Amino acid sequence: MCVAIPGKVISLEGSRATVDFEGSCVKVNTGLVEPKVGDYVLVHAGCAIEVMGREKAEEIIGLFKELEALDI
Amino acid sequence: MTEKITMAHGSGGRSGADLMEKVFAKHFSNEVLDRMEDAAVLDISGRAAVSTDSFVVTPHFFKGGDIGKLAVCGTANDLAMMGAVPKYITCGFILEEGLAIEELERIAASMAKAAEDAGVRIVAGDTKVVEGKGGLYINTTGIGIIPEGRNAGAAGCKEGDAIILSGTLGDHHACILSARMGMENDIKSDCAFLGHAVEKIYAAGAEVHAMRDVTRGGLGTILNELAEASGVDMELEESSLPVRPEVRGLCGILGLEPLYMGNEGKMIAVVPEKDAEKALTALKETPEGRDAAIIGRVTGKGEGEVIMNTPLGGSRIVDMLYGEGLPRIC
Amino acid sequence: MRDIKEIIGYLRAYDGPELKFMEVCGTHTAAIFKSGIRSLISPKIHLISGPGCPVCVTPTAYIDRLLEYGRRENHVICSFGDMLKVPGSGCSLSEAKGEGVNVRMIYSPPDVADMAEKERDKTFVMAAVGFETTAPAYALMLKEAKGRGIDNIRLVTALKRVIPALSWICENEEGIDGFICPGHVSTIIGSDIYAPLAERYKKPFVVAGFEAEHLLAAIYDLVRCAEKGEARADNLYTSGVRSEGNLKALALIDEYFETGDAVWRGLGRIPESGYYLREEFAGFDGGSRGLDSDSELPEACRCADVIVGRISPDMCPMFGNACRPETPYGPCMVSAEGACGIWFRNSKGTGKQI
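If you're matching them up, the sequences are chains A, B and C in order. Heads up: the first sequence begins at 529 in the working numbering, then just goes up one per residue. Heads up: the second sequence begins at 174 in the working numbering, then just goes up one per residue. Heads up: the third sequence begins at 519 in the working numbering, then just goes up one per residue.
What the hints contain is simulated information worked out from the structure, not anything from laboratory work. One should not assume that every hint holds.
[Stated by the list, open to error] Derived, one-sided and incomplete: chain C residues facing chain B with beta-carbon distance under 7 angstroms:
no.	residue
1	554
2	561
3	785
[Said to hold, decoys possible] Derived DSS-like pairs: lysine-lysine, alpha-carbon spacing no greater than 27 angstroms straight-line:
no.	chain 1	residue 1	chain 2	residue 2
4	B	306	C	640
5	C	766	A	536
6	C	552	A	536
7	C	746	B	474
8	C	615	B	301
9	A	555	A	536
10	C	746	C	720
11	B	361	A	536
12	C	552	A	593
13	C	615	B	306
14	B	306	C	746
Please read these numbers as outputs of a predicted model, since none were measured by experiment. A virtual CB, placed ideally from N, CA and C, is assigned to each residue, including glycine.
I would like the entire structure built from these sequences, with the hints used as guidance.
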């Protein structure tokens, strides 16, 4: 339905950010979010749609904390 | 103003002769070509391999190569995959009006260098000019000699064989896509001649059942082709597939799969299990094969099924590529 | 559950009543196949694909409208790669390219504003398909266009909203025990929005990310809910999804679009399930309303049943026979995210899954 992946903001210029996806840098529209340099943003169709709550590496660890919190 | 190709260059008259002299004869000169006869006369003995391919890539110049280098390496690689030592190559150019002659010359120079590196001589050529907007298309045909005792072919895979991949997946395709879509990165095309790597494998004393360069359609497609031609099933380990992080990143953005992206300087070698380490070590000693890895094995006779084992312990069937592998967003 | 191995162990050993969960999003379907999740879990847990592929639910009249523009002088059709191969009643965008129609594959809608500004002599027609995730990107494009006085852009929209479609499925389809909610749509609309659905239809809804671990965790959550008879709405993708969603994006959607009825292939007309440009931006609209008609699919084609998960793709008599990725009849086979295309590619055309 909607391909989106996280990348790291390396610079900001107006409503544009340069975002690094493991070495591939893309100019991304930031009209939907307010990221800072160093933040991870979720990018869909060249637009940042969210500032990620945690880094990619922490993602799966965080997932299990969430599961635990649900007490299922 | 820069000099451009016009219809007159294809007319067979003075302009055509000029172009021949200034561009092609200058860069491709060798004793066979320099005779300027209607056909090249070659001394060949033994089993010969012949292959032809056409090259239409845009942009003409990209990181890591250009259409000229590609046209020589691509055809020479097809010969090398049959165990042949490439010897001769011919090239036909179709040029569109408006192509800068300087650009053509750079491409010719690059072809000459690639031919020298691969040890092949350009022995015949042709140029035609058509209406258009500065495009350029190259067809190359290559001839190679297969040394005694070599017998590599798509149908040669056998139960227990190891499948060796010579390096990272998707580099060429990712490079071209980045150029076309204006993405900034350091992804280089892996465009390279693979014959030296092949010779290393044979020199190490490894028996080779099948080889194939990983070009259009990507690894997924060529393994299906090999498995079907040989009547065997294969098993791959996803975690062992080498992919550069920046290529993985680009694939993520565009919704593409490295497994189906083309390379221009990577190959698969299917070798008996007993020779796998030998062949891998030999490959790793070459610049083209330094990231080589054993990625899977031939499991046994079958209908050509290629199974991928995923990192979490699941498995899935890998089919060939259908269509063009377009970026997907939504 | 402390790690993914325990979760896999639990799901593999599951031996309770048969369970059927729908992953609504096509990107989830693709990820489930890619990571081989079906081969890891009990055969009693069935994963069915939902209507979350914009290409699959868009009627042929839409492609025809784009081509109508494409055949005019100085018109450029801008599209994502996804739509290029989809047949209209006559041909696809990709085939029309061969007749000289100017089609540009784009990556980001705001880029189209830049193209239109540079080439004022042309009209740029954006194939604006997608769900809530992509709608704000079109709004950003229009915002740029408006701000810079660019008027040579038209949108032909086929924008869909997920919640009305989910409600429709809950009302009309029996036997679904829970939903894996689309991760990136939820980034925009938030996770709270599923709570009323869970309560009303007494089924669990779990928002999931796109890694294999995310999906396995979501399936585990759904199985536990089913076992305990709970109908919860959970968010297991909190790094990318806030409970309230992306308010800025939602406000921007609201500024440019209004909701209206939309026709989904396979589901029919669903009230309030589409976005259309507001009256004040009608100048940018390329005639997006009323593109409902669908050319007749062959009688044997079961796309409509596949889209709502009534049957799995291999149960369609055309699957793998007349209908294949190289000769697709139904949209589910055309799209890289269509359930049929994904099944085909992951079974080598046999329909058999490992």
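Hint check:
1. Interface hint at residue 554(C): satisfied, since its Cβ lies 3 angstroms from the closest Cβ of chain B, which is below the 7 angstroms cut-off.
2. Taking 7 angstroms as the C-beta cut-off, the interface hint given for residue 561(C) is violated, the closest approach to chain B being about 14 angstroms.
3. Taking 7 angstroms as the C-beta cut-off, the interface hint given for residue 785(C) is violated, the closest approach to chain B being about 18 angstroms.
4. With a C-alpha separation of about 20 angstroms, the suggested pairing of residue 306(B) with residue 640(C) holds against the 27 angstroms cut-off.
5. At most 27 angstroms may separate the alpha-carbon atoms for a hinted pair to count; residue 766(C) and residue 536(A) meet this at roughly 21 angstroms.
6. A C-alpha spacing of about 25 angstroms is found between residue 552(C) and residue 536(A), which places the hinted pair at or below 27 angstroms, so the restraint holds.
7. This hinted pair does not check out: residue 746(C) and residue 474(B) have alpha carbons roughly 47 angstroms apart, beyond 27 angstroms.
8. A distance of roughly 26 angstroms separates the Cα atoms of residue 615(C) and residue 301(B); the hinted pair therefore holds under the 27 angstroms criterion.
9. About 12 angstroms separates the Cα atoms of residue 555(A) and residue 536(A), which keeps this hinted pair within 27 angstroms; it holds.
10. The hinted pair formed by residue 746(C) and residue 720(C) meets the criterion: a straight-line CA distance of about 12 angstroms does not exceed 27 angstroms.
11. Simply put, residue 361(B) and residue 536(A) have alpha-carbon atoms about 22 angstroms apart, close enough for the 27 angstroms limit, and the pair holds.
12. A hinted pair counts as satisfied when its Cα atoms are at most 27 angstroms apart, and residue 552(C) with residue 593(A) qualifies at roughly 25 angstroms.
13. Only pairs whose Cα atoms come within 27 angstroms are accepted, and residue 615(C) paired with residue 306(B) is accepted, the gap being roughly 17 angstroms.
14. Between the alpha carbons of residue 306(B) and residue 746(C) the distance comes to roughly 68 angstroms, so the proposed pair goes past 27 angstroms and is violated.
Of the numbered hints listed earlier, those contradicted by the structure are 2, 3, 7, 14.
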